[in-house]
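Visitor: Protein chains in written order, with the numbering used here: chain Y, 1 to 459; chain S, 1 to 459.
None of these hints come from the bench; they were simulated from the model. Just so we're clear, the structure is a prediction, and the values are computed from it rather than from any experiment. Certain hints may be false.
Note that identical chains are pooled: a pair holds if it fits in a single copy or bridges any two copies.
To be verified - Below, simulated SDA-like cross-link-like pairs (lysine to any residue); rule was C-alpha separation at most 20 Å, straight line:
id, residue 1, residue 2
1, Lys24, Ile185
2, Lys45, Arg95
3, Lys293, Glu357
4, Lys276, Arg160
5, Lys45, Glu96
6, Lys141, Tyr39
7, Lys24, Asp186
8, Lys141, Arg198
9, Lys267, Arg49
10, Lys24, Thr316
11, Lys267, Met411
12, Lys3, Arg262
13, Lys291, Ser250
14, Lys418, Tyr296
15, Lys141, Phe206
16, Lys326, Asp444
17, Lys259, Thr288
18, Lys24, Val182
19, Lys342, Arg145
20, Lys24, Asp192
21, Lys141, Asp200
22, Lys276, Glu297
There are 2 protein chains.
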Amino acid sequence: MPKQMHLSAFSHHASSSQSFGQWKDPRNTMARGYLDPEYWVNVAKTCERGCFDTIFLADAPGAKDIYGGNHRMTAKAGMQFPGNDPTFLPPVLARETEHLGFIVTFATGYFPPFHAARVFSTLDHMTGGRIGWNIVTGYMKAALRNGMAAEMPHDERYDRADEYMEVVYKLWEQSWCDDAIVLDIDTSTYADPDKVRRIDHRGRYFSVQGPHHSEPSPQRTPLLAQAGGSARGVAFAATHAELVFIIATSIADAARSTKALREAATKAGRIGPSIKVLPEISWVVAETEQKAKAKYEQYLETADVDGVLALLGGHTDTDFAGFDPKATLKGQSSKGITTVAKVFEGIEGAGEWSFAELCDYLKLGYTSPTFVGTPDQIADTMEAWMDGADLDGFILAPVRAPGDLEEFVDMVAPVLQKRGRLRTAYEGTTLRENVNGHARLAPDHPGSRYKAGSGTFGV
Amino acid sequence: MPKQMHLSAFSHHASSSQSFGQWKDPRNTMARGYLDPEYWVNVAKTCERGCFDTIFLADAPGAKDIYGGNHRMTAKAGMQFPGNDPTFLPPVLARETEHLGFIVTFATGYFPPFHAARVFSTLDHMTGGRIGWNIVTGYMKAALRNGMAAEMPHDERYDRADEYMEVVYKLWEQSWCDDAIVLDIDTSTYADPDKVRRIDHRGRYFSVQGPHHSEPSPQRTPLLAQAGGSARGVAFAATHAELVFIIATSIADAARSTKALREAATKAGRIGPSIKVLPEISWVVAETEQKAKAKYEQYLETADVDGVLALLGGHTDTDFAGFDPKATLKGQSSKGITTVAKVFEGIEGAGEWSFAELCDYLKLGYTSPTFVGTPDQIADTMEAWMDGADLDGFILAPVRAPGDLEEFVDMVAPVLQKRGRLRTAYEGTTLRENVNGHARLAPDHPGSRYKAGSGTFGV
Numbered sequence: 001m002p003k004q005m006h007l008s009a010f011s012h013h014a015s016s017s018q019s020f021g022q023w024k025d026p027r028n029t030m031a032r033g034y035l036d037p038e039y040w041v042n043v044a045k046t047c048e049r050g051c052f053d054t055i056f057l058a059d060a061p062g063a064k065d066i067y068g069g070n071h072r073m074t075a076k077a078g079m080q081f082p083g084n085d086p087t088f089l090p091p092v093l094a095r096e097t098e099h100l101g102f103i104v105t106f107a108t109g110y111f112p113p114f115h116a117a118r119v120f121s122t123l124d125h126m127t128g129g130r131i132g133w134n135i136v137t138g139y140m141k142a143a144l145r146n147g148m149a150a151e152m153p154h155d156e157r158y159d160r161a162d163e164y165m166e167v168v169y170k171l172w173e174q175s176w177c178d179d180a181i182v183l184d185i186d187t188s189t190y191a192d193p194d195k196v197r198r199i200d201h202r203g204r205y206f207s208v209q210g211p212h213h214s215e216p217s218p219q220r221t222p223l224l225a226q227a228g229g230s231a232r233g234v235a236f237a238a239t240h241a242e243l244v245f246i247i248a249t250s251i252a253d254a255a256r257s258t259k260a261l262r263e264a265a266t267k268a269g270r271i272g273p274s275i276k277v278l279p280e281i282s283w284v285v286a287e288t289e290q291k292a293k294a295k296y297e298q299y300l301e302t303a304d305v306d307g308v309l310a311l312l313g314g315h316t317d318t319d320f321a322g323f324d325p326k327a328t329l330k331g332q333s334s335k336g337i338t339t340v341a342k343v344f345e346g347i348e349g350a351g352e353w354s355f356a357e358l359c360d361y362l363k364l365g366y367t368s369p370t371f372v373g374t375p376d377q378i379a380d381t382m383e384a385w386m387d388g389a390d391l392d393g394f395i396l397a398p399v400r401a402p403g404d405l406e407e408f409v410d411m412v413a414p415v416l417q418k419r420g421r422l423r424t425a426y427e428g429t430t431l432r433e434n435v436n437g438h439a440r441l442a443p444d445h446p447g448s449r450y451k452a453g454s455g456t457f458g459v
Numbered sequence: 001m002p003k004q005m006h007l008s009a010f011s012h013h014a015s016s017s018q019s020f021g022q023w024k025d026p027r028n029t030m031a032r033g034y035l036d037p038e039y040w041v042n043v044a045k046t047c048e049r050g051c052f053d054t055i056f057l058a059d060a061p062g063a064k065d066i067y068g069g070n071h072r073m074t075a076k077a078g079m080q081f082p083g084n085d086p087t088f089l090p091p092v093l094a095r096e097t098e099h100l101g102f103i104v105t106f107a108t109g110y111f112p113p114f115h116a117a118r119v120f121s122t123l124d125h126m127t128g129g130r131i132g133w134n135i136v137t138g139y140m141k142a143a144l145r146n147g148m149a150a151e152m153p154h155d156e157r158y159d160r161a162d163e164y165m166e167v168v169y170k171l172w173e174q175s176w177c178d179d180a181i182v183l184d185i186d187t188s189t190y191a192d193p194d195k196v197r198r199i200d201h202r203g204r205y206f207s208v209q210g211p212h213h214s215e216p217s218p219q220r221t222p223l224l225a226q227a228g229g230s231a232r233g234v235a236f237a238a239t240h241a242e243l244v245f246i247i248a249t250s251i252a253d254a255a256r257s258t259k260a261l262r263e264a265a266t267k268a269g270r271i272g273p274s275i276k277v278l279p280e281i282s283w284v285v286a287e288t289e290q291k292a293k294a295k296y297e298q299y300l301e302t303a304d305v306d307g308v309l310a311l312l313g314g315h316t317d318t319d320f321a322g323f324d325p326k327a328t329l330k331g332q333s334s335k336g337i338t339t340v341a342k343v344f345e346g347i348e349g350a351g352e353w354s355f356a357e358l359c360d361y362l363k364l365g366y367t368s369p370t371f372v373g374t375p376d377q378i379a380d381t382m383e384a385w386m387d388g389a390d391l392d393g394f395i396l397a398p399v400r401a402p403g404d405l406e407e408f409v410d411m412v413a414p415v416l417q418k419r420g421r422l423r424t425a426y427e428g429t430t431l432r433e434n435v436n437g438h439a440r441l442a443p444d445h446p447g448s449r450y451k452a453g454s455g456t457f458g459v
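With the rest of the complex left out, here is chain Y (with noise of 0.2 Å):
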């Protein structure tokens, strides 16, 4: 029997998320609906209608500065900007929805241990179980002028970030006994003291006393997920996460990181299927392969490439404004465009490509591919990409939203699921039993190590 996919919708608390421009089609109500509750709720709705296993909400607070020196082409583009702390949508959205998980984003570089771990036994217990993070170590320039973090070399924040797990570990999973709370007139006991523990943690970056000040919540730890793309991203995912967001532009290049992946997470001990891999795509259906080609070419008229760059500048600190159209990616050495080059190398001739051609790839989807068709020919495409690169599912990123999203629950999800490759009902109550059949961590995860289990433990 084929796998089936895991999806999850991908989006910002913003004016926009991966696409530019569209604001400017009024059917894209995102643009502004993102102020609204009411939107999300929409969104929630959609994804849970088409068996999602969640919404992954990225963030980055603050507005991304390197294009031209400032925030201006940020500002004009609405590039993810304005926008608004993620983590307050899924409390609303849980009480909207049965089964959708929500994946916030939350930086291990500008918040204590203790507050993360609160944060999420709050969101887990308001959802009852359908939390995930989205672990990112932070430390982007915008945000460091902001005052939210110290500067830090890249490899010491996943070092640092290695620690902050185990904190969270120990306060999520060994501070408080399974049966702590018992409620017991007779001694007037409502937790068991000897149920309910310090960790005092003391490392090299956290001295966390405890106890966790949170209560047992239904999945302990949240759901991890992860994406980083660096060797040693890679290695603090093959370690901590148990779903990881790639980007891959082409099938052999999606295969790469998979195998990567899972071959590390062997190496730290886990089981490498138990890591589901997600890369991101963005798609354009219509009933006709006509008619979505013809779509395809209105969202490129609409799209906005100044936005893209203000993004691409901030994610490869590189000053794209008055770049060279004409200029190839091949023989450039500024950092930036080797980052980009990177990027695309999973793509055939893409090292030929000019700044132009570049562009025109971004202008959608950002890095991801955007796949093109009637329903049955992007469910030929995804199906082909899940056999031929060992993936898990997919993160969707709509071009317009949510009208792309509900098209794709409407049209695409339905094809999905006559061919047995996707789920027509949800299998268990949380997030993680979703995900991946368990409803605490994965015995080979090591963040089990450090479960309590019923019992006793003194102070």
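Start from chain Y and add chain S according to the hints.
Guide: Chain S alone, transformed into the frame defined by chain Y:
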């Protein structure tokens, strides 16, 4: 015409708030219901039925661990522990109410100001302008041991908090012009870059570039609340707060605090009466005085005095385990007792109280007084406090939740309304409009000097 009262319910997002041991009565559903958003929806709807201005959500991240030198009694009594992060409640509750505001506690000591500004802008957008911020500096011992912040002398915390406020005013009021979002399709302009500016704050404690990440929200600056009792705390409140939560044990005591606050506000260049001053109270109400007294006795019996001492120990940094119940407050040399004695100096003869008598007083509403009687008697007492101490309303801490809150709304609120002391309908649509009639910070508020208005400022 007599002044109308502003009312606010008080709670922690936890197993208990100001009364401990009441979980033993099954009608106190908060003890386990706190985990269920539905519990809070009922509380919010009850408050709105009573035309309250707001729910005041207190918070302290870390189990008190002074009593006996550890957290055991805090856990055993379920004393504000376990507890979740309160900032996640307002977006849920705003969808189930139309007018009620939500004041959440957030510590300047634990989070960067850029983050604070974004959190409150997000909450203001999601609640349609019904969010307030209870500004605390933090630095509770248990929180420090949990790595939430580094130690800092008391008065310096307020100096730092003053600069913190300057940063967030700049982000909320100065960074975006009112008319920055232009959506001009012809020039492909989402936000006019000439109307979104950096703040470039460089001070003693903070360097924050901006621009603010969120676009202007209905209130811009959330309603600012504070509860500082120290001399430096009063100066801070008089400068920044629009609503002040005070602890007072008698009318004379409340009158002293109110006078001091209004005088300090005038000194800070504000209009004294523009600060709303609300003391915390608890109550036990029944149809007859006799029934109210019997209920009061029942509440006292259910109370857990050890829970009170775990809290008092945390607040005064004094271990009260094994304290002599016959000792009087007077002449005690420990810092804790001096602090406690200060709280009770408003009650005649309290200096002669034994420790056991003190504990009796604290059993139900902690440091706030408990009014016991019929709806008319409680309304009488509230009126006497209002008029005798130049107050603006009350912070209402129910002993048993939600029952006492429901009884207040069903039995006492109608009496106050009949007497013209409580609104029968909301005047405004935002929290600030309901509290002081202003849509934005009042002209006498120091944050007002940063207001950007409409116009253009360049980068």
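Visitor: Which holds for lysine 3 with arginine 262 at a C-alpha limit of 20 Å: within a copy, between copies, both or neither?
Guide: For lysine 3 and arginine 262, the Cα distance is within 20 Å only inside one copy (17 Å; across copies 69 Å).
Visitor: Please work out whether the CA atoms of lysine 141 and aspartate 200 approach to 20 Å or closer within one copy, between two copies, in both situations, or in neither?
Guide: between (33 Å within a copy, 15 Å between copies)
Visitor: Checking an output row: lysine 326 and aspartate 444, CA cutoff 20 Å. Within, between, both or neither?
Guide: neither (50 Å within a copy, 58 Å between copies)
Visitor: Reference check for the pair lysine 45 and arginine 95, CA-CA at most 20 Å: within, between, both, or neither?
Guide: both (11 Å within a copy, 16 Å between copies)
Visitor: With identical chains treated as interchangeable, where does the CA-CA distance between lysine 141 and phenylalanine 206 reach 20 Å or less: within a copy, between copies, both, or neither?
Guide: For lysine 141 and phenylalanine 206, only the inter-copy Cα distance (16 Å) is at most 20 Å; the intra-copy one is 23 Å.
Visitor: Can you tell me if lysine 276 and arginine 160 fall within 20 Å by alpha carbon in one copy, between copies, both or neither?
Guide: Neither way: lysine 276 and arginine 160 sit 24 Å apart in one copy and 45 Å across, limit 20 Å.
Visitor: Measure nothing new, just compare the shortest in-copy and cross-copy C-alpha distances for lysine 45 and glutamate 96 to 20 Å and report within, between, both or neither.
Guide: The answer is both: 7 Å in one copy and 18 Å across copies each meet 20 Å.
Visitor: Have a look at lysine 24 and aspartate 186 and pick one of within, between, both or neither, based on CA distance no larger than 20 Å.
Guide: Classified as between: cross-chain Cα gap 9 Å, same-chain 66 Å, threshold 20 Å.
Visitor: At 20 Å max between alpha carbons, let me know whether lysine 293 reaches glutamate 357 within a copy, between copies, both or neither.
Guide: within (18 Å within a copy, 82 Å between copies)
Visitor: State whether the alpha carbon distance between lysine 267 and arginine 49 is at most 20 Å within one copy, between copies, both, or neither.
Guide: neither (38 Å within a copy, 60 Å between copies)
Visitor: Between copies, within a copy, both or neither: which fits lysine 141 and arginine 198 at Cα up to 20 Å?
Guide: Between copies, since 15 Å is at most 20 Å while 36 Å is not.
Visitor: Which holds for lysine 291 with serine 250 at a C-alpha limit of 20 Å: within a copy, between copies, both or neither?
Guide: Result: close neither inside a copy nor across copies, 24 Å intra and 76 Å inter.
Hints 4, 6, 9, 10, 11, 13, 14, 16, 17, 19 and 22 from the list above are not met by this structure, while the remaining hints are.
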